[in-house]
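Construct the complete structure from the given sequences, taking the supplied hints into account.
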Amino acid sequence: MRRFIFVHGPLSTLLLFSMTLWAFGQGTPDHLSIPSKKVKISGVSVHFVEAGEGPPILFLHGLGGSWRDWSVNLPAFAATYRVMAMDFPGFGESDRPEVHYSIEWLTDVVEKFFQEQEIDQVNLVGHSMGGVVALNVASRPKSKVKKLVITDAVGIGDKSEFLGYAMSKKIMGADTEWESVESFLKNQFQAMADDLIEQQKPQTARDFFESLKMPITGKPLLPMTPKVQMTASIIDFDIRPKLASIRQPTLILWGAKDPVASPQTASFLQTRIHSSTLILFPDCGHSPMMEHPSLFNQELGKFLQAGE
Numbered sequence: 094m095r096r097f098i099f100v101h102g103p104l105s106t107l108l109l110f111s112m113t114l115w116a117f118g119q120g121t122p123d124h125l126s127i128p129s130k131k132v133k134i135s136g137v138s139v140h141f142v143e144a145g146e147g148p149p150i151l152f153l154h155g156l157g158g159s160w161r162d163w164s165v166n167l168p169a170f171a172a173t174y175r176v177m178a179m180d181f182p183g184f185g186e187s188d189r190p191e192v193h194y195s196i197e198w199l200t201d202v203v204e205k206f207f208q209e210q211e212i213d214q215v216n217l218v219g220h221s222m223g224g225v226v227a228l229n230v231a232s233r234p235k236s237k238v239k240k241l242v243i244t245d246a247v248g249i250g251d252k253s254e255f256l257g258y259a260m261s262k263k264i265m266g267a268d269t270e271w272e273s274v275e276s277f278l279k280n281q282f283q284a285m286a287d288d289l290i291e292q293q294k295p296q297t298a299r300d301f302f303e304s305l306k307m308p309i310t311g312k313p314l315l316p317m318t319p320k321v322q323m324t325a326s327i328i329d330f331d332i333r334p335k336l337a338s339i340r341q342p343t344l345i346l347w348g349a350k351d352p353v354a355s356p357q358t359a360s361f362l363q364t365r366i367h368s369s370t371l372i373l374f375p376d377c378g379h380s381p382m383m384e385h386p387s388l389f390n391q392e393l394g395k396f397l398q399a400g401e
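Counting from 94, one number per residue, gives the positions in the sequence shown under the numbering used here.
If you are wondering where the hints come from, they were derived from the structure by calculation, not from laboratory data.
Don't take every hint at face value.
[Unchecked claim] With a straight-line cut-off of 25 Å between C-alpha atoms, the simulated SDA-like cross-links for lysine to any residue are:
id: 1; residue 1: Lys239; residue 2: Leu371
id: 2; residue 1: Lys395; residue 2: Thr370
id: 3; residue 1: Lys131; residue 2: Gln214
id: 4; residue 1: Lys395; residue 2: Ala172
id: 5; residue 1: Lys335; residue 2: Trp198
id: 6; residue 1: Lys237; residue 2: Gln341
id: 7; residue 1: Lys131; residue 2: Val192
id: 8; residue 1: Lys395; residue 2: Gln214
id: 9; residue 1: Lys350; residue 2: Gly394
id: 10; residue 1: Lys350; residue 2: Leu371
id: 11; residue 1: Lys320; residue 2: Thr297
id: 12; residue 1: Lys205; residue 2: Lys239
id: 13; residue 1: Lys237; residue 2: Glu143
id: 14; residue 1: Lys239; residue 2: Glu146
id: 15; residue 1: Lys237; residue 2: Glu209
id: 16; residue 1: Lys350; residue 2: Gly378
id: 17; residue 1: Lys205; residue 2: Gln341
id: 18; residue 1: Lys130; residue 2: Glu209
Here's what the structure looks like:
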């Protein structure tokens, strides 16, 4: 496991809270009503939606999201595919068990979901955090993934870039018109994060989060909710050594102006995944499937139909 370096003190605490508050405040659309289903996986009730018949497609959402992140995309494929979108445990309408949340644990949940649904081969689509999980699922031996689609996966490259963005967004707001100021702040905070990483004693993100205490009372400063735990796991987890194991045809769809996961990360994935194609969406941020759903659906459809 890759280790990320943190320190105790005002700056590290500010970085932490800016990141988590930004990540936890993302909203999702509700454009589609699909009958809900639930399945028990290792005693945990996992919510998902399902429509259509044909080759299965499973959509995986990002941090703080739910199946609704895909509500504009599901109807486009329900006529010819068995489309499914899952709420990860800890998110959406799934249970929130008291477990050690991590990328590896969510990967196990996805694989057990395949077993419960009797899926032998699946087209897997993952966004942001879900993209990291999808990469991990595809990299495992005897993976059931037939084709892989990754969009704007986070935490693969520069961790300080992610922290710098989160902090500047928290200060400037989601829709600021002062882009030059925001860019300056992002660069400054990223530089400070780089200094912390280089100079201080290594510590995992999870250890750091758990070590934060309230003054006087000594109570935890940051409750270890599923979102907090997954934020830590995104920082600590390193998918890069596993990318060479991904042999499935892979489509990488990315926002050219993604401030969370840069296009350089998308290019890195393309160079490391053997059979991969990269498509950048101009004038698009972190969520192409919601920002440009028609184009996203078009590219996804072409990819799924190729070779069929």
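- Message: Could you work out which of the previously given hints the structure breaks and list their numbers from low to high?
- Response: none
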